[in-house]
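J.: Given chain R, work out where chains C and B should sit, using these hints.
Going line by line, the protein sequences match chains R, C and B. Under numbering that gives the first Met the number 0, the first residue of the first sequence is numbered 0, with each subsequent residue one higher. Under numbering that gives the first Met the number 0, the first residue of the second sequence is numbered 0, with each subsequent residue one higher. Under numbering that gives the first Met the number 0, the first residue of the third sequence is numbered 0, with each subsequent residue one higher.
FYI, nobody ran anything at the bench for these hints, they're computed from the structure. A few of these clues could be false.
If you want the ones that stay clear, here's a sample from chain R, every Cβ over 12 Å from chain C, calculated [to be verified]:
(1) K5
(2) R12
(3) Q28
(4) G35
(5) D36
(6) V48
(7) N50
(8) A103
Label pairs and their calculated CB-CB ranges [said to hold, decoys possible]:
(9) C/K5 / R/D83: 20 to 28 Å
(10) R/N88 / B/S2: 30 to 38 Å
(11) C/N79 / R/Q31: 36 to 44 Å
(12) R/R12 / B/A39: 14 to 22 Å
(13) B/D71 / R/N90: 37 to 45 Å
Below, computed lysine-lysine pairings styled on DSSO-like, alpha-carbon distance capped at 27 Å [stated by the list, open to error]:
(14) B/K104 / C/K42
(15) B/K47 / B/K11
(16) C/K5 / R/K61
Glycine included, C-beta positions come from ideal geometry on N, C-alpha and C.
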Amino acid sequence: MSSELKKIGGSKRFSAIAIHNDVVHLAGQVSQLIEGDITAQSKDVFTKVDNLLAEAGTSREKVFSVQIWLADMREYDEMNEVWDSWVENLNAAPTRVCVEARMAKPHYKIEVLVLAAL
Amino acid sequence: MSSELKKIGGSKRFSAIAIHNDVVHLAGQVSQLIEGDITAQSKDVFTKVDNLLAEAGTSREKVFSVQIWLADMREYDEMNEVWDSWVENLNAAPTRVCVEARMAKPHYKIEVLVLAAL
Amino acid sequence: MSSELKKIGGSKRFSAIAIHNDVVHLAGQVSQLIEGDITAQSKDVFTKVDNLLAEAGTSREKVFSVQIWLADMREYDEMNEVWDSWVENLNAAPTRVCVEARMAKPHYKIEVLVLAAL
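Next up, chain R with everything else stripped away, as it sits in the complex (with noise of 0.2 Å):
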């Protein structure tokens, strides 16, 4: 294990991706397909986990934590069905928490933050 601390590509207000003891921090993810519903906009945020947990150097499988937020809890039972396909082939799934909180731009309808084994 490496206790250095590493944080890779984002802009220069936010890394997208901070590595240290193992863990794999990333940044919020969210959607910016503005027409998109909370299905589509689901789909593509756990898209944009996974491409960041190949960049970081590990997968789904070592997720170990995951907050969501919704933007409208109504939306609850859609947002399971595309994270229930996400987790289906893994041997156990994340622990998890799930609130409803405006986010930062009023297209998004879904924020994840994830942690990582690496």
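T.: Okay, now just chains C and B, sitting in the frame of chain R:
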């Protein structure tokens, strides 16, 4: 310290416990006491936390970070009464953050996310 | 790396700092500038963060994850001005997530949760 990732309990949708690098991550804990007020639900939630910590091989003393969501911030003082008695015999309380949010079910008055050392 | 858990400062209710496995966890930081606008409160909050990081034996450069709650997302740009100047001299900014939430006191306009490497 083991850098192996271990996930315990819960459901197909999410694990109840994830252990990595001697850190125990619990899934967001809520209360199914549908008629319970904030005091009853808070006690229920922290009892669940104690039980999961025990299952993970750790205890309340080793908790170092707690996020708390309240459905109604006007119930902050009542939640704190339960919290204060939960931490009163510890050598030191965890770090904490508490904000308001709507949760997955309308009867949820509190949800907590807990990190503990193993 | 020490896997010993250390908690520093704060109150009976919560510690200001917890250190475990070379990760520094700060309690949620808010501003007591009751009359302060988002700019004043954001500057105050990030100054507190700097001070706590120093007390923990680390610094802004080593921060790798920040959660930000705003009481009013319409103040996102003003918060970001303070943020951008807080991170501008870093080799790389932390990962970040920002959502809206009501906080424990009505005058809180911002709360932040900070993780840093030791």
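J.: Would you mind marking each hint as holding or not holding in the structure?
T.: Each hint tested on the structure:
| no. | hint | in the structure |
| --- | --- | --- |
| 1 | K5 | holds, 16 Å |
| 2 | R12 | holds, 22 Å |
| 3 | Q28 | holds, 18 Å |
| 4 | G35 | holds, 22 Å |
| 5 | D36 | holds, 19 Å |
| 6 | V48 | holds, 15 Å |
| 7 | N50 | holds, 21 Å |
| 8 | A103 | holds, 16 Å |
| 9 | C/K5 / R/D83: 20 to 28 Å | holds, 22 Å |
| 10 | R/N88 / B/S2: 30 to 38 Å | holds, 33 Å |
| 11 | C/N79 / R/Q31: 36 to 44 Å | holds, 40 Å |
| 12 | R/R12 / B/A39: 14 to 22 Å | holds, 21 Å |
| 13 | B/D71 / R/N90: 37 to 45 Å | holds, 42 Å |
| 14 | B/K104 / C/K42 | holds, 23 Å |
| 15 | B/K47 / B/K11 | holds, 19 Å |
| 16 | C/K5 / R/K61 | holds, 10 Å |
Hint violations for this structure: none, all hints satisfied.
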